[in-house]
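Peer 1: Listed here are the chains, written in short residue letters.
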Amino acid sequence: MLKYIFKRLLIMIVTLWVIITLTFVLMVNIPGSPFNTDQSSNATVQANLEAHYNLDQPYYIQYLLYIKSIVTFEFGPSIKQPNQTVNDLLSRGFPISFELGIITIALAVVSGVLIGIIAALRHNGFLDYLTMGIAVLGISIPNFILATILIQQLAVNLEIFPAATWRSPAHMVLPILALATGPMAIIARLTRSTMLEVLTQDYIKMAKAKGLSPWKVIFKHALRNALMPVVTIMGTLFAGILTGTFVIEQIFAIPGMGRYFVESINQRDYPVIMGTTVFYSAFLIIMLFLVDIVYGILDPRIKMHQKGGRSR
Amino acid sequence: MKPEKEMEHFETPAAIPDEWFSWKEKDKEKMEEVSRPSLSYWQDAWRRLVKNKMAMLGLIFLVLLTIMAIFGPVISPYEVNRQDLPNQYQPPSMEHWFGTDNAGRDVFTRTWYGARISLFVGLVAALIDVTIGIIWGGISGYKGGRTDNVMMRMIEVLYGLPYLLVVILLLVVLGPSLGTIILALTITGWVGMARIVRGQVLQIKNYEFVLASKSFGTKTSRIIRKNLLPNTMGPIIVQMTLTVPSAIFAEAFLSFIGLGIQAPFASWGVMANDSLGAILSGNWWTLFFPAFFISFTMFAFNVLGDGLQDALDPKLRK
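For the record, the sequence lines run as chains A and B. Positions 1 to 312 (full-length UniProt numbering) are the ones given, in order, by the first sequence. Positions 1 to 318 (full-length UniProt numbering) are the ones given, in order, by the second sequence.
By construction, these hints were calculated from the structure, which means they are not laboratory data. Careful, some of the hints might be misleading.
Using 27 Å as the maximum straight-line C-alpha spacing, the simulated DSSO-like pairs for lysine-lysine come out as follows [stated by the list, open to error]:
#, chain 1, residue 1, chain 2, residue 2
1, A, K3, B, K143
2, B, K226, B, K205
3, B, K214, B, K226
4, A, K7, B, K143
5, B, K143, B, K219
6, B, K219, B, K205
For reference, chain A alone in the conformation it holds in the complex (with noise of 0.2 Å):
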């Protein structure tokens, strides 16, 4: 086990470099000084500012300082907004993107596994159909498109919940909601199907012989093992939801690190594109090695074989 928690934190770490590697390169090579624009086209100016940022050092020094900052978590100035740093939107935007995104994981998980469950159960019939209908359509319906929809009709047609901002309760539905429905989608689709591979396995048949309630079989038994693969797809699907904010942010107006994320993309505001990108993926990278680790300890299987024999 300690072997195999070694070999992931490595790869993860290499991960790590490759990315903030990744974003140096293309941060030295955008065309043009970031400061070459017509409020700073002073030379002295431009000078003291490229002095001011390391800039008139050569690369691998300012390759040394870039790691160096962000293993310090400083990810660097904004060029467009003047006096804001990476850091100060970090602090502004992500509590509340964290919540977003922590909500719509609990209700996906939670939900997906149990419409899956449900859907096994009454395998071919009437709900079944009903439910796995509903999750393809909800795998096919961008989160974009779903989130205009909700607001077209449960805010402005129906009125029933406020269409944008992030203040109340009542406001989270809407985006929640839009969020949550592709990975629920997702889940289900995947219970379900493992759950009616592990339902005809014997030692569920065991389990029922020897009286246990179905509820015990259910929750107990075949669960355990039908929920690995869930837990193998959570790393993709924290990437996925993580990603989503940036649009549903945007569309309800919510002051989260998405949305500025967005916004900088839009006015290129470069340093904090990759700043922002840096720690988005530190974050994810991190999630994944985590995903991992849960998934080595649930599932007995891999201290056995861990010579590569684990196919994710």
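Fit chain B to the given chain A structure using the hints.
Peer 2: Same frame as chain A, now just chain B:
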């Protein structure tokens, strides 16, 4: 043995005239024919796919969509980017079947242009993914040992990179255009395909028929082409049908955050993004048509992929 009773009903005519009979040549080719036609793997898969109603619905939709993407703009009397401000926000009518948008452009024409771009992005990205994935996964799986180890570690690192974030990063620097979008989508997109191909090759290369080929002294490249690839085709095709919708989604998503295909091109994502505000003022058709086609195309690819997965799985063969 038939029971006596039935035998009684059987009446032989007194005499059968000779002209009722004719001599037939011996058909040497058909002498050893088996009564049931033998189906190849692909025929059998096709037969099972046809039985899957959802998958066929998806397939038919995609065929129609492709036809309209090719001929739609041709049969329409309007030009894609021709602005006609006096006729802004016309609801669907006989002249403009899907209505007009904020600049008076014909939504019908633009929808099929969008189909061209979305399908093009999706298909090209999937093809590039497949090509790189087959080469990388094939070599990695077939060589095994240290080569495999090194190649797989590289894949694991790339797989850990957040896909859309890398795409955003690249597009910010390269500038969005059709080419750079496809490049950005494929630069780490092939990793999933390579993993699948490697897994398959790893399994198949130990089968007896590959060993037989090897013992005849067949060249490695020929073994990979003739023995391994045809047998990995099933999972590759399934993965491809699932790559296309994710590329289409990514393209629409990028348009949405301002990194999509730039004017004068009109992709579905750009059209949907342009008409977000319009829906609140009641001009639903400007959003409905691109949104419907993005969703239904993804739906079609998803159900087709599911159907192919079932149809191409040799375990389910009857």
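Peer 1: Does each hint hold? Answer for all of them.
Peer 2: A quick look at each hint next to the structure:
1. Between K3 (chain A) and K143 (chain B), the direct Cα distance comes to roughly 25 Å. Compliance with the 27 Å bound is thereby established for this hinted pair.
2. Of the supplied pair hints, the one linking K226 (chain B) and K205 (chain B) holds, its CA atoms being roughly 12 Å apart against a limit of 27 Å.
3. For the given pair, K214 (chain B) sits about 12 Å from K226 (chain B) by alpha-carbon distance, which is consistent with the 27 Å threshold.
4. Between K7 (chain A) and K143 (chain B) the alpha-carbon distance is near 23 Å, which keeps this suggested pair within the 27 Å criterion.
5. In summary, the hint linking K143 (chain B) to K219 (chain B) is supported, as the alpha carbons are separated by about 13 Å, within the 27 Å threshold.
6. Distance restraint check for K219 (chain B) and K205 (chain B): the Cα-Cα separation of roughly 14 Å lies within the 27 Å cut-off, and the hinted pair is therefore satisfied.
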